[in-house]
Amino acid sequence: MHGGVKAMKFLRNFFHSKGAIFAVSTLALILVIIVSLCVGVVIYTPVQLLELPDILRYIRFPRVMAAVFAGAGLAGAGVIIQTLLGNSLAGPNIIGVNSGAGFMTLVAALIFPLIPQMQPLAAFLGALFSVMLIYLLSRKAGTSKMTILLSGVVLNSLLNAASEALCTFFPDVHMSYAAFRVGGLATVQTLVLYPAAILITVLFIIVQCRANTLELLSLGDDTAFTLGVSVKKYRLLFLVCAAGMAGAAVSFAGLIGFLGLIVPHGARLVVGDEIKKLFPLSVLWGSLLLLVCDTVARTVFAPFELSVGIVISIIGAPIFIRMLLKRKVG
Amino acid sequence: MLELNNLSVGYDGRYVIRNVDLSFEPGNIYTIIGKNGSGKSTLLKSCSGLLTPKVGSVLLDGKELSKYPANQRAQKISYLSQSTNTPNITVERLLAHARFPHLSYPKKLRQEDINIIYRALGDMKAACFIHDSLRELSGGERQRVYLAMQLAQDTPILLLDEPTTYLDIEYQLSLMELLQKLKAQGKTIIMVLHDLEQALKYSDQIIAIDAGKEIYTGTPDEILAGGILRKVFHVDVQRSDYRFELKNPAAVSSEAVITVFGNSSCRSR
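Protein chains in written order, with the working numbering: chain R, 1 to 330; chain F, 1 to 269.
No lab work stands behind these hints, which were simulated from the structure alone. Incorrect hints may have been included.
Dumping the calculated DSS-like pairs for lysine-lysine here, alpha-carbon to alpha-carbon at most 25 Å [unchecked claim]:
hint	chain 1	residue 1	chain 2	residue 2
1	F	Lys107	R	Lys233
2	R	Lys232	F	Lys54
3	R	Lys277	F	Lys107
4	R	Lys233	F	Lys108
5	R	Lys140	F	Lys63
6	R	Lys233	F	Lys76
7	F	Lys35	F	Lys54
8	F	Lys107	R	Lys276
9	F	Lys213	R	Lys232
10	F	Lys63	R	Lys232
11	F	Lys213	F	Lys54
12	R	Lys277	F	Lys108
Everything numeric in this text was worked out from a predicted model, so none of it was measured.
Generate the whole structure from the sequences, applying the supplied hints.
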């Protein structure tokens with residue numbers, strides 16, 4: 001057996017029943033949050049930091065929270081979308097959910113340049129549009145996973161082209177599209193961040209409370225229906241939740257690639273597809289991964305910083321390729 | 001009691017079955033037979049509520065099936081699909097889902113539910129898979145687990161689409177014996193079978209659909225005598241003494257098998 005798979009099996013057996021993996025991940029997240037708050041252009045100790053409330057409140061805390069919530073939102077949306085489409089390769093960035101959110105964020109920035117609070121709403125609508133479109137296509141195309149992925153890729157490319165066109169025609173769009181496209185947390189606005197963070201939290205709670213139902217849907221629509229699930233109603237609910245989580249994250253963090261795809265996949269290897277465990281673990285790991293990457297991105301070349309999207313893609317691309325090779329996409 | 005009144009069902013404006021009148025009484029086994037594409041699964045799906053009638057109605061205990069709340073419907077009718085997704089969850093977890101129609105939020109299993117789950121797994125000789133992931137099971141093992149899931153749903157009406165798929169002959173025969181037992185308990189069993197031998201042997205009523213979508217119903221003897229199989233399948237079938245028999249039916253009973261539970265796995269992996 002492959003070494004990595006063996007190690008994963010060992011991890012699974014060790015952690016499965018104990019919930020230890022959640023404890024370890026939570027502790028790790030808290031630790032990384034503290035470290036991330038302390039490091040930057042100047043490194044402070046936690047005690048020094050408490051004496052500099054302005055730096056903490058206006059610079060480092062929003063930045064750290066942005067990473068935590070964007071990671072949570074994208075990974076959570078990834079789990080939901082993969083479960084509903086029955087396809088572990090359907091991340092929100094692959095099937096055009098992020099680019100839908102991105103396009104609408106740009107539109108909102110163009111039409112309401114002075115009301116940045118409009119951006120999360122617009123991003124949500126954009127993400128919802130993409131999710132619905134892909135879902136309807138997948139219903140029409142039957143069970144062909146390839147068709148779903150391909151139509152997602154096409155939609156993704158179309159929406160990105162629309163965004164580019166928008167930026168060409170309106171070069172003075174209120175935001176920097178270049179930075180937005182690779183994804184980054186350097187220019188997070190608290191006016192956008194806080195409502196988006198609240199939205200992500202609320203949606204997380206809703207989905208976690210309905211984890212059983214989402215798991216039933218993963219058995220296929222027919223089985224879920226005959227086990228007493230109002231399939232149409234719940235499918236819509238979960239799609240809206242996925243769109244909300246991805247859209248909210250994109251509205252302040254830009255088009256961060258891969259995270260929504262690779263994090264749920266990694267979590268699946270450890271806890272399987274049981275949603276009650278998979279969903280919270282993915283959310284936790286999403287936060288952790290994005291926070292680590294963002295901290296790396298803003299410290300390794302300080303005072304210059306890399307975009308976190310670049311760091312994630314550098315880590316994510318090889319993992320995704322390995323996944324493709326292992327799965328032989330079906 | 002389940003009744004189909006002047007039922008027509010189809011996809012995308014195309015009728016697959018037309019003007020069907022059938023009624024299914026408790027304590028009977030009904031088997032739907034017919035060639036590929038004749039609409040067997042479509043008929044079964046309409047009974048489950050998965051397909052809504054284009055014309056006519058499906059009545060469950062006198063009330064239109066589509067008017068039932070999802071939960072109540074799932075307490076009355078269970079359905080074994082021909083194709084199911086296999087997420088990477090344990091058999092235990094899958095079986096728990098079968099009890100959810102009987103539970104209100106937050107769907108915590110009672111001791112009674114756990115007993116039903118174990119009994120169902122025992123009936124399908126699948127108790128030893130309880131801690132295994134669905135993905136680790138072979139096709140036949142998985143089919144037994146899905147059958148156990150349907151038994152655990154514990155409904156008065158059971159719909160089964162090709163329940164013997166992937167099953168070894170041993171399990172096919174014990175499944176048929178088990179269905180006889182359920183029938184004796186007053187359950188209504190409606191299934192699609194490919195195996196004519198089994199269909200004729202174990203059913204009380206045969207529903208034969210021919211390519212022209214004409215539907216013939218009758219007891220196996222009536223179907224044989226009426227030359228219906230020739231019309232439907234273009235083959236001649238005649239009685240013969242040669243039959244598969246289960247020599248030790250005791251092995252089918254749940255008591256005999258449930259002791260297996262407790263071993264972590266049936267075979268070494």
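How the hints compare with the structure:
| no. | hint | in the structure |
| --- | --- | --- |
| 1 | Lys107/F / Lys233/R | 19 Å, holds |
| 2 | Lys232/R / Lys54/F | 19 Å, holds |
| 3 | Lys277/R / Lys107/F | 16 Å, holds |
| 4 | Lys233/R / Lys108/F | 22 Å, holds |
| 5 | Lys140/R / Lys63/F | 32 Å, violated |
| 6 | Lys233/R / Lys76/F | 21 Å, holds |
| 7 | Lys35/F / Lys54/F | 23 Å, holds |
| 8 | Lys107/F / Lys276/R | 13 Å, holds |
| 9 | Lys213/F / Lys232/R | 31 Å, violated |
| 10 | Lys63/F / Lys232/R | 22 Å, holds |
| 11 | Lys213/F / Lys54/F | 16 Å, holds |
| 12 | Lys277/R / Lys108/F | 16 Å, holds |
Consistency note: the structure conflicts with the earlier hints numbered 5, 9.
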